[in-house]
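Trainee: Chain by chain, the residues run as shown.
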Amino acid sequence: DTGVSQNPRHKITKRGQNVTFRCDPISEHNRLYWYRQTLGQGPEFLTYFQNEAQLEKSRLLSDRFSAERPKGSFSTLEIQRTEQGDSAMYLCASSSGVMGLYEQYFGPGTRLTVT
Amino acid sequence: AQSVTQLGSHVSVSEGALVLLRCNYSSSVPPYLFWYVQYPNQGLQLLLKYTSAATLVKGINGFEAEFKKSETSFHLTKPSAHMSDAAEYFCAVSETGTASKLTFGTGTRLQVTL
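Sequence order for the protein chains is B and C. Going by my numbering, the letters in the first sequence line up with residues 8 to 122, in that order. Going by my numbering, the letters in the second sequence line up with residues 3 to 116, in that order.
Only chain B is shown next, with the shape it has when bound in the complex (with noise of 0.2 angstroms):
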């Protein structure tokens, strides 16, 4: 089990410009989970993949924000034309799914810094 795994772990960009942040699960794990994070708040919610199929997206996903998961395995969030608000930590989990198994695995997270 090597855990969840979240690529770059830091991130600076320059307003305007587009990112975009991986997320490996824990192999078999096929839900997976996107979170955001500013200081001093908890995590909150982003959007969900079962397998492939994305099957919730919250209000704070606004249209610049993308989120794909090709092949049910890894995922990625684009951020277009950043503004200095999507500067935060963004985070990435996994659960299995198995019926009484539903707690979620972070990783390390992704920091983006919007100058």
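Just so you know, the hints here were simulated from the structure itself, not pulled from any lab data. Warning: the hint list may mix true and false statements.
[As the list claims (entries may be wrong)] These stretches of chain C come out as covered by chain B in the derived footprint (C-beta under 8 angstroms, 3 or more residues): (1) 41-48; (2) 105-111.
[What the hints assert, rightly or not] Here are a few chain C residues that sit away from chain B, every Cβ distance over 12 angstroms (derived from the structure): (3) Val6; (4) Gln8; (5) Val13; (6) Gly18; (7) Leu22; (8) Arg24; (9) Ser29; (10) Tyr34; (11) Thr53; (12) Glu66; (13) Ser75; (14) His77; (15) Ala94.
[Unchecked claim] Now the in silico label distances, taken between C-beta atoms and shown as ranges: (16) C:Pro81 / B:Arg22: 45 to 51 angstroms; (17) B:Asn25 / C:Glu66: 43 to 49 angstroms; (18) B:Glu85 / C:Ser82: 45 to 51 angstroms; (19) B:Arg71 / C:Ala19: 19 to 25 angstroms; (20) B:Arg88 / C:Leu58: 34 to 40 angstroms; (21) B:Gln61 / C:His84: 39 to 45 angstroms; (22) C:Thr108 / B:Arg71: 22 to 28 angstroms.
Just so you know, even glycine gets a beta-carbon here, dropped at the ideal spot from N, CA and C.
Chain B is fixed; fit chain C onto it per the hints.
Mentor: This is chain C only, laid out in the frame that chain B set:
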């Protein structure tokens, strides 16, 4: 809709003292409840979970929590604090049966002093 309230954004205890971190939830359906710990610049680590089995749940690192439906609470305790317990603690709720998104509280920063 579901929500979590964590009373006390900062809690300070002496090493060896009891740790009590408070969490109250609101959910329209029976909830699943979780406590996570976050160390600086790291992701979240699961401490323990309640998924409608035993109401007293034991987790890692000596932590435990008790689900009290009548009080809509899920407070986290540890009998004796250790310096390594200093971190941010988050309570979270998800809905039974769907087990989809987690809704987190705003967190409690635990400081442990000598």
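Trainee: Run every hint past the structure and note whether it holds.
Mentor: Tested hints:
Note: the region 41-48 of chain C has 6 residues with beta-carbon separation from chain B under 8 angstroms; the three-residue rule is met and the coverage holds. Taking a C-beta to C-beta cut-off of 8 angstroms, the region 105-111 of chain C contributes 5 residues in contact with chain B, enough for the three needed, and the coverage statement holds. Not every beta carbon of chain B lies more than 12 angstroms from that of Val6 (chain C), the smallest distance being close to 8 angstroms; the non-interface claim is violated. Listed as outside the interface, Gln8 (chain C) is inconsistent with that label: its C-beta sits roughly 8 angstroms from the nearest C-beta of chain B, within the 12 angstroms cut-off.
With a least CB separation of 15 angstroms from chain B, Val13 (chain C) remains clear of the 12 angstroms interface cut-off, as annotated. Its beta-carbon lying about 28 angstroms from the closest one in chain B, Gly18 (chain C) satisfies the requirement of being farther than 12 angstroms from that chain. Once the 12 angstroms rule is applied to beta carbons, Leu22 (chain C) is consistent with being away from chain B; the minimum gap is 19 angstroms. With a least CB separation of 15 angstroms from chain B, Arg24 (chain C) remains clear of the 12 angstroms interface cut-off, as annotated.
At the 12 angstroms boundary, the C-beta of Ser29 (chain C) stays outside the reach of chain B, the nearest C-beta of that chain being 14 angstroms off. At the 12 angstroms boundary, the C-beta of Tyr34 (chain C) falls inside the reach of chain B, the nearest C-beta of that chain being 6 angstroms off. Not every beta carbon of chain B lies more than 12 angstroms from that of Thr53 (chain C), the smallest distance being close to 6 angstroms; the non-interface claim is violated. Every CB of chain B lies more than 12 angstroms from the CB of Glu66 (chain C), the least distance being 16 angstroms, so the non-interface label holds.
Against the 12 angstroms criterion, Ser75 (chain C) stays outside the reach of chain B, whose nearest CB is about 17 angstroms from its own CB. With 12 angstroms as the threshold on Cβ separation, the claim that His77 (chain C) sits away from chain B holds: the shortest Cβ distance comes to roughly 17 angstroms. Ala94 (chain C), annotated as away from the interface, has a beta carbon of chain B within 12 angstroms; the closest lies near 8 angstroms. Checked against the given bound of 45 to 51 angstroms, the beta carbons of Pro81 (chain C) and Arg22 (chain B), roughly 49 angstroms apart, stay inside it.
Distance hint check: the CB atoms of Asn25 (chain B) and Glu66 (chain C) are about 45 angstroms apart, consistent with the given range 43 to 49 angstroms. In this structure the supplied range 45 to 51 angstroms holds for Glu85 (chain B) paired with Ser82 (chain C), their Cβ-Cβ distance being about 46 angstroms. Between Arg71 (chain B) and Ala19 (chain C) the CB atoms are about 47 angstroms apart, so this pair departs from the stated range of 19 to 25 angstroms. A hinted range of 34 to 40 angstroms for the beta carbons of Arg88 (chain B) and Leu58 (chain C) is inconsistent with their spacing of about 50 angstroms.
A beta carbon spacing of about 42 angstroms between Gln61 (chain B) and His84 (chain C) agrees with the range 39 to 45 angstroms that was offered as a hint. For the hinted restraint 22 to 28 angstroms between Thr108 (chain C) and Arg71 (chain B), the CB-CB distance of approximately 26 angstroms keeps it satisfied.
Hints 3, 4, 10, 11, 15, 19 and 20, counting from the list given before, are not met by this structure.
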